[in-house]
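The chain contents come next:
There are 4 protein chains.
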Amino acid sequence: MLQNNKENNSAIILIHCPDKKGIVASITEFISKNNGNIIYLDQHVDSANNIFFMRIEWSLENFSVPKEKIHDFFETLIANKFQMTWRLYFSDEVPRMAIFVSKLPHCLYDILSRYKSKEFKVEIPLIISNHKNLEHVAREFGIEFHCLEINSENKREQEEKEISLLKKHKIDFIILARYMQILTEDFIKHYPNKIINIHHSFLPAFPGAKPYHSAHKRGVKIIGATSHYVTPELDAGPIIEQDVTRVSHTDSINDMIRKGRDLEKIVLSKAVWYHLQRKSLVYNNQTVVFA
Amino acid sequence: MLQNNKENNSAIILIHCPDKKGIVASITEFISKNNGNIIYLDQHVDSANNIFFMRIEWSLENFSVPKEKIHDFFETLIANKFQMTWRLYFSDEVPRMAIFVSKLPHCLYDILSRYKSKEFKVEIPLIISNHKNLEHVAREFGIEFHCLEINSENKREQEEKEISLLKKHKIDFIILARYMQILTEDFIKHYPNKIINIHHSFLPAFPGAKPYHSAHKRGVKIIGATSHYVTPELDAGPIIEQDVTRVSHTDSINDMIRKGRDLEKIVLSKAVWYHLQRKSLVYNNQTVVFA
Amino acid sequence: MLQNNKENNSAIILIHCPDKKGIVASITEFISKNNGNIIYLDQHVDSANNIFFMRIEWSLENFSVPKEKIHDFFETLIANKFQMTWRLYFSDEVPRMAIFVSKLPHCLYDILSRYKSKEFKVEIPLIISNHKNLEHVAREFGIEFHCLEINSENKREQEEKEISLLKKHKIDFIILARYMQILTEDFIKHYPNKIINIHHSFLPAFPGAKPYHSAHKRGVKIIGATSHYVTPELDAGPIIEQDVTRVSHTDSINDMIRKGRDLEKIVLSKAVWYHLQRKSLVYNNQTVVFA
Amino acid sequence: MLQNNKENNSAIILIHCPDKKGIVASITEFISKNNGNIIYLDQHVDSANNIFFMRIEWSLENFSVPKEKIHDFFETLIANKFQMTWRLYFSDEVPRMAIFVSKLPHCLYDILSRYKSKEFKVEIPLIISNHKNLEHVAREFGIEFHCLEINSENKREQEEKEISLLKKHKIDFIILARYMQILTEDFIKHYPNKIINIHHSFLPAFPGAKPYHSAHKRGVKIIGATSHYVTPELDAGPIIEQDVTRVSHTDSINDMIRKGRDLEKIVLSKAVWYHLQRKSLVYNNQTVVFA
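These protein sequence lines are chains Z, D, E and A, in that order. Counting along the first sequence from 1, when you hit position 14 you're at 14 in our numbering, and nothing is skipped either side. Counting along the second sequence from 1, when you hit position 41 you're at 41 in our numbering, and nothing is skipped either side. Counting along the third sequence from 1, when you hit position 177 you're at 177 in our numbering, and nothing is skipped either side. Counting along the fourth sequence from 1, when you hit position 181 you're at 181 in our numbering, and nothing is skipped either side.
Warning: the hint list may mix true and false statements.
Which copy is meant is left open, because identical chains are indistinguishable; a pair holds if it fits in one copy or across any two.
Keeping only pairs whose Cα atoms sit at most 27 Å apart, straight-line, the calculated DSSO-like set for lysine-lysine is [claimed, not checked]: (1) Lys217 <-> Lys170; (2) Lys270 <-> Lys259; (3) Lys189 <-> Lys279; (4) Lys20 <-> Lys155; (5) Lys116 <-> Lys259; (6) Lys279 <-> Lys21; (7) Lys279 <-> Lys20; (8) Lys210 <-> Lys121; (9) Lys210 <-> Lys118; (10) Lys118 <-> Lys279; (11) Lys210 <-> Lys259; (12) Lys116 <-> Lys67; (13) Lys270 <-> Lys103; (14) Lys170 <-> Lys103; (15) Lys21 <-> Lys81.
Since the hints were made in silico from the structure, they are not lab data.
Pulled out of the complex, with its shape left as it was, chain Z reads as follows:
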């Protein structure tokens, strides 16, 4: 449904603002008066903090406001009135994504196979790694690969090279597909809420290194994986998606690692999908995911 409508070209707006009477009426009236047909509308009110959230998508076919004037009109007529923090997207824009990897291939393969089969409407011009191991995968899929090894002394310098590559390729957002390096705060500032990481535990349990070892030691009966936007505090950014699977005393650490890989790749790819569909919105270190 969305896909068909997208081919017809649509506009998407993500909003948050203080909750007031009349917000939905104002927005929907703006669209319907100008002959727009709403394809998707989801809204949420955080009553505790009195915040209004919305994702609305409407077809641009027959919409009487020209595409290039929508931002100005919405800003003036609606957004300013309600003090909205908002973003406008068009369904025919294809974002540009970079993938960071280290040695483990499962998330990389999963993303690239979705890319090749057009499940993900995205451009992937760039893969960056701190190891050479996965260069062959990039080559198989015909994507530029750069190996930038990182140690305690060259981190700043290497990150600057990474930033140059990202700028050069006009990258909109970054996926850390089991990239085993911690990004500096300076790096993260270039892509706020635009770096998606997969962590191999059900956060906030087992942050940091070797979560399957910790899970095995604690004797949990369920393991998980968590995709989140990266913030300077390690593994503490806004959670986009989580999933879990059962384990038992019969599962060794290696079994947990094996079972966990399936979770990691699915949970990461779901987060990429939400991000690409403009379905995730960050507020107050949490996400609203209009699933």
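Based on these hints, arrange chains D, E and A on the given structure of chain Z.
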């Protein structure tokens, strides 16, 4: 949130109608112009069939249309214009529910414990059974119990007695909590989309009798339970909720029955909760559940 | 299957010991040579620590060693040889269980309804609470209820009264069914690995007070519940069972609490069932659950 | 654990036979007397049908029976005595697998990425398809690809070509990775319980064509996928693995297809893994999966 707001008294409208431009704008403008504060809004468009669905709830505090006139105003100003099929509810109305049971107590206990602890805002004045086995449970919880045994000859007659009891107690809707009798079409007509059954399989797999035996024989790795509104066709009514659990070759039929009981009671009670919250809407033998 | 066999009376042995060649052969030969029929055999080797675990159950029908001599024979012929830590149970023994509660009834109702319907083969002669709220439930089910209010000054004294009641009623093990008091180390020593608690989070995430509030604040997409044996360190004992359910930004804290209740009662009752079936074994602050 | 032990070279036996006293004792005594160390033992008794099942794996390091004589010795000393149906495997044998595909790439990519990253210890010398669409994938991964288009007239003939290719490549078992052709009974006879299919529903619900369309029409709240061994009756063979995911009224058929793809690839790859680990055993149109 809902609970607090409900104490403030709110109105709820469930709608379906042909999809057109301007429906959401019209409804939300009606509420906001009359000083109503929207607590909940969820809408869905079935694009394939061009049907619009909505659940909207707003606080009646300061709402300028008096409670007793809301139906007339909404009908005249909005519903007629868009050819809506719709229902108005008020959060301070407490519906009246009857429970039908046979011999198995787990669903009955689960419902009654939620009733006693005020999780379910409902009145339960009546329990009907075709066996005497669970009379003691009704007594423990202080609820009137009637045993109406059913055989091939007395079915019509007994159902008439049931209908009398339901009328006498002003019952709004009925829960079949593992009631092992098939209701006649005549009986069902008295309560269209107001009888909720729990079937002990993930429908449409294994309809009819002894689904755990069939599941065991087929060697499935997952069993389930399904709550649905009752229609004349057996186990074919609109599905409200389903859940599943894993089984393996080590599970005997008795193990499946035991594991299934936990599914059945939770899945049935979730359906009751959705129904009580006015969150379920039936259209075209399916439900829209505004979860 | 098990239930039928149990009616035929069976012996159950739970074992752990250093792993060596020939353990399974020795045990199974002991049973088969004496004309016992194995009903259940599950074993596990923790390779990392070289520990052997086993649960074996065999029918006593035609078994040539008299019931009262099995312990002595097994000890002498098998257990000593392999330095086993082991326990012998008979399926016709019915253990005696006490329930501790505070104000929330859902776990209590769930346990008592299973008890009444004979799902749990157990005696429940005693319910202890630090509040009077649930006295009526105990009365409905005909179980002795004691209210022992606890404050910072009388804790030791009240726990002594509790221990007296437990001794008087010959209690084998204790269920904390949302009991909101921390037991002292002294109390726990009376029932090592024989007190089962339900914690309302997927441990080790969110130990301690108000886990749903913490989960809501962290913005998790999945909440859980954990049953575990109680040890002196809070919420850090051996995990018996866990389960989870999805939440989203639309779930308020109250919604999480409501959804969590269903997890809590099922997860706690599963732990009780494993314990009653002699299917759980504790080693190194973890459980082996022969599910 | 298994992986380490496998490097040490182990023997695996899968057994089913009529249940009798002394089977486990006989087998484990045979291994321990000959100085074998049991790595894995799982057994199950189907009490209803009186059938004994077992998977046992032991290290060949120091085992006093030479590898090439194990089959003969076990047959003579144990298997004949208990009328066993049994198979012996060695962990250092690498089976050879063919993949059949049509147009959808997700399962193919998933299998090949596990193959490339050595998760699957298998040789994949051959991919067969009835369409040319996925030839490029085979080429990317360096695997021989044959397109054998099938219509109502050439089916027998094309299947004969397929059989020739399978023989030529010494294929041990076949994966149908969303292969959209029904195999003839003659073809299946060449690979009994050695062809694994993925069906895109939770069987036995929605067998045959277009299950997501049927699921959408029925209004289910859960969709699933099922991997099974292929038998002449369509979608009715022994189930190896199943998994499910939630859907709602908001999911269009395309959304179900998208969500279902993730299930299909994971469920198929799990079945492949069980098969490769010699963990699945077929009896009476069901599987015993020693997970």
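| task | Evaluate Lys270 and Lys103 at a C-alpha cut-off of 27 Å and name the case that applies: within, between, both or neither. | result | both (22 Å within a copy, 23 Å between copies)
| query | Between Lys20 and Lys155, at a C-alpha cutoff of 27 Å, which is it: within one copy, between copies, both, or neither? | reply | Cα proximity of Lys20 and Lys155: none, with 47 Å in one copy and 50 Å across.
| message | As a check of your reading, is Lys210 near Lys121 (CA-CA no more than 27 Å) within one copy, between copies, both or neither? | response | between (33 Å within a copy, 25 Å between copies)
| Quick one: Lys116 to Lys67, C-alpha cut-off 27 Å, is that within a copy, between copies, both, or neither? | Neither: 30 Å inside a chain and 46 Å across chains, both beyond 27 Å.
| query | What label fits Lys189 with Lys279 when the C-alpha limit is 27 Å: within, between, both, or neither? | reply | The answer is within: 22 Å in one copy meets 27 Å, while 43 Å across copies does not.
| Between Lys279 and Lys20, at a C-alpha cutoff of 27 Å, which is it: within one copy, between copies, both, or neither? | For Lys279 and Lys20, the Cα distance is within 27 Å both inside one copy (23 Å) and across copies (24 Å).
| said: Checking an output row: Lys170 and Lys103, CA cutoff 27 Å. Within, between, both or neither? | reply: within (25 Å within a copy, 33 Å between copies)
| query | When no copy is specified for Lys279 and Lys21, does a C-alpha distance of 27 Å or less occur within a copy, between copies, both, or neither? | reply | both (24 Å within a copy, 23 Å between copies)
| field | Alpha-carbon proximity between Lys118 and Lys279, which holds within one copy, between copies, both or neither at 27 Å | value | This pair counts as within: shortest intra-copy Cα distance 18 Å, inter-copy 35 Å.
| field | Within, between, both or neither, where Lys270 and Lys259 count as close if Cα-Cα is 27 Å or less | value | both (17 Å within a copy, 10 Å between copies)
| query | Is the C-alpha distance from Lys116 to Lys259 at most 27 Å within one copy, between copies, in both cases, or in neither? | reply | Cα proximity of Lys116 and Lys259: in one copy and across copies (25 Å, 17 Å).
| message | Within a copy, between copies, both or neither: which one fits Lys21 and Lys81 at a CA-CA cutoff of 27 Å? | response | The answer is both: 12 Å in one copy and 24 Å across copies each meet 27 Å.
Hints 1, 4, 12, counting from the list given before, are not met by this structure.
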